[in-house]
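Read off the chains here:
Protein chains: 2
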Amino acid sequence: MEPLKVVLEDNEIPRQWYNILADLPEPLSPPLHPATHQPVGPEDLAPIFPMNIIEHEVSSQRWIDIPEEVLEKYLIWRPSPLYRARNFEKLLDAPVKIYYKNEGVSPAGSHKPNAAIPMAYYNKQFGIKRLTTETGAGQWGSALSMASQMFGLECRVYMVKVSFEQKPYRRMLMNTWGAECLSSPSEMTQIGRQIRAEYPDTPGSLGIAISEAIEDAVTSENTRYALGSVLNHVLLYQTIIGLEAQKQLEKIGVYPDVVMGCCGGGSNFGGISLPFVRDKIAGKQVEIIGAEPSSCPTLTRGPFAYDFGDLAKMTPLLPMHTLGHDYVPAPIHAGGLRYHGIAPIVSQLLRLGLIGARAFHQLDTFDAGVKWARSEGFVPAPETCHVIAAVVDEARRAKEEGKEKVILFNWSGHGLIDLTSYDAYLSGNLVPYELPEEEIQRVLKAVENMPKP
Amino acid sequence: MEPLKVVLEDNEIPRQWYNILADLPEPLSPPLHPATHQPVGPEDLAPIFPMNIIEHEVSSQRWIDIPEEVLEKYLIWRPSPLYRARNFEKLLDAPVKIYYKNEGVSPAGSHKPNAAIPMAYYNKQFGIKRLTTETGAGQWGSALSMASQMFGLECRVYMVKVSFEQKPYRRMLMNTWGAECLSSPSEMTQIGRQIRAEYPDTPGSLGIAISEAIEDAVTSENTRYALGSVLNHVLLYQTIIGLEAQKQLEKIGVYPDVVMGCCGGGSNFGGISLPFVRDKIAGKQVEIIGAEPSSCPTLTRGPFAYDFGDLAKMTPLLPMHTLGHDYVPAPIHAGGLRYHGIAPIVSQLLRLGLIGARAFHQLDTFDAGVKWARSEGFVPAPETCHVIAAVVDEARRAKEEGKEKVILFNWSGHGLIDLTSYDAYLSGNLVPYELPEEEIQRVLKAVENMPKP
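Keeping their order, the protein sequence lines are chains A and B. Every letter in the first sequence is one number past the one before it in the numbering used here, and letter 365, counting from 1, is 365. Every letter in the second sequence is one number past the one before it in the numbering used here, and letter 420, counting from 1, is 420.
Just chain A, same shape as in the assembly (with noise of 0.2 Å):
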């Protein structure tokens, strides 16, 4: 019988990084300057990103190296294990062969280390001696706090106010990998100070948090900024987890019909499905399909434009699908997923065709996160129950077609952290939301005065 997981040898790894930039039919349009419109250069991020990051960003070399010590780290949970779902397909009675990644086993329980620990590495190479980021949910805030504390370096996190009060766990798993995490806004950027002034009951959002951590690094002494989702080089990162999923389906004689992610900024999606799109790219028969939430539904009704990454307007202009750099999804959106845009990889590819995306009710998705952990035990979080509710969704396809699939998705991370919202579900206190059409008109008439690429 064929194995229910494969595993890979440390020898395994992949040394390499794979960057789809230098196999893109069309390249991106550049990055814009917030304020002058114009193309922004390396120069122009350096007091953001250190320049081994920025090279990252606007490489096109197709392969890149990962250095010894950043492999020495992946290795404390990489290669993560390949698994067949066998009792969620019984569940399901498709005709679907079902493969994931379980992303879970890191030490921060999400794929978010895979970028966090060469960032770490890479900034403490240049000399940087403090990071600074946002996190939504908890696990990019996590994975940094663990990588800063590996490398040495200070850490702090601005978590979007809503989740440090629905999620205390995450705060305490931050600072016990030596981290500060704040509730954000804050009182300790100038940003926080006048949004906490203007809307003293905001729920806070992903926008504000990027505003402040970008804020606090470009004036403070010796600080960077990491990004956990979104940028060239973040999705660069995350291939290690699709090159690994090559790895192992080889070993099996396996070749997927369908490569799904959940899609927020595009990290987890983009790691595991550049190198597919690559194979897609050269003629390779195989659909790609992210998932979103809903109530934040960037890829399947955000125009394509130039849009900031944060509120404040510092970020580049980043051409992406978005839903305005204003964009605050209904607090009672349980999921992740709350970004406003999407990384510009990824918008790229759907607008090439090269990938397609659906969205999911939380509903939904916490419904068949429930079954994935009642059959399979391991307990997704909440963002990975979007991609799982879009394997039910597949499954459901294949079985009304007749039509043999096979599945290969990423399980992002567990929710051992995010308790809290499953409990929320079980206990009928999250509603099938459905975002008002009113409040998309708002958003494509926000996003239409934005430059075009």
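Just so you know, these hints were derived from the structure itself, not from any lab. Treat the hints with caution; some may be incorrect.
One copy or two, either will do: identical chains are not told apart, so a pair holds if it fits within one copy or between any two.
[Said to hold, decoys possible] Straight-line C-alpha distance at most 20 Å; calculated DMTMM-like pairs for lysine to aspartate or glutamate:
| id | residue 1 | residue 2 |
| --- | --- | --- |
| 1 | K5 | E89 |
| 2 | K403 | E165 |
| 3 | K405 | E89 |
| 4 | K251 | E2 |
| 5 | K247 | D279 |
| 6 | K97 | E72 |
| 7 | K5 | E69 |
| 8 | K251 | E12 |
| 9 | K247 | D10 |
| 10 | K251 | D10 |
| 11 | K280 | E438 |
| 12 | K90 | E68 |
| 13 | K452 | D326 |
| 14 | K251 | E9 |
| 15 | K247 | E9 |
| 16 | K371 | E72 |
| 17 | K97 | D10 |
| 18 | K371 | E43 |
| 19 | K247 | E57 |
| 20 | K90 | E72 |
| 21 | K5 | E72 |
| 22 | K371 | E154 |
| 23 | K313 | D65 |
| 24 | K90 | E69 |
Dock chain B against the given chain A, drawing on the hints supplied.
Positioned in the frame of chain A, the structure of chain B alone reads:
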């Protein structure tokens, strides 16, 4: 370079559990009936456990086959990886090599499912429809909730009140797996109601929760009780840990000088160590050491006597090191491992000089745990912090003696659902509690009146 971790393929998983009863130089004294003080036979245990499990409890067969249905579930996370703790070694700067079994990779985050899965399976086979159990910190209750769900059994968990209140995520996790979790003492049992009436402020104890779970099991239809530690069959099922570790160490040509585990009821310590005890009985040089909290010093201070497993004296009398069945650790103790007794097998091994034991203060255990998290990444469960403190201590000894040592220990689980304990530690709310000598004297006196094995 030696790899950071040694993984086994699915098909390398051990197919049998190891039963130390076949090799004990002196057999265990039999359990006694709680009322008559006569040895109990299998039939006396039948209202509590199904007969197929009772057979394992009393078996003297050296190797017991693991059923295919159990192996299938084990393979969800087993074989668990064996790690080399290189970063922690660097921190200690002592002549030690440290290997650990990472049992935190299970869906429940600890070693407990190793026993929960076969228990749910055997109960199901025996026609049982519902399981009851108790849980302290929550590791066992979580594991049995998951296992029950996997085999279609109902499950109710009585959780020690102080933990129920300190660790709300544990209840949420059990609920997510479809189980019911009640604060103990509860209103659901006679003994629970009685204790609530008599001691309205009791923090609860494992002894009380066990009484409740057993009362529920013996007074409900198609229901049996499942115990997560102490008994022979539990340690038997846990030997999969040590058996895998032996295979993994053999692959890299290493044999440990010291094998360590933390000790509550003895399940994870027994799990890692019994296969090595077998080697030791056969003449191999290996030191085997259990680590326990100094506020519940069963092995290091508790006399060896017959004692009840629970407060209400419903269980048979077991021959074990015990602090008395009414012993309740001070509520300030945050580290788990609160049981008043310990497995008869572990007690017997200590009597025979085949193992040793050391006790650690809670501040030292959390100090070790935080150092571990900040170097190795994975955040250990508070219980696991005890064995890490023992490793720190052993490394110090090795340094003092100028002697090279290979240490193997069981990293019994992660602490991601126990972060409130870390929070209490990091914010200075834990005290360096020392068990008062008068309490020790009270214990010695209380146990003096129990029958002697």
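Legend entry - Those earlier numbered hints the structure runs against, lowest number first: 2, 11, 18, 19 and 23
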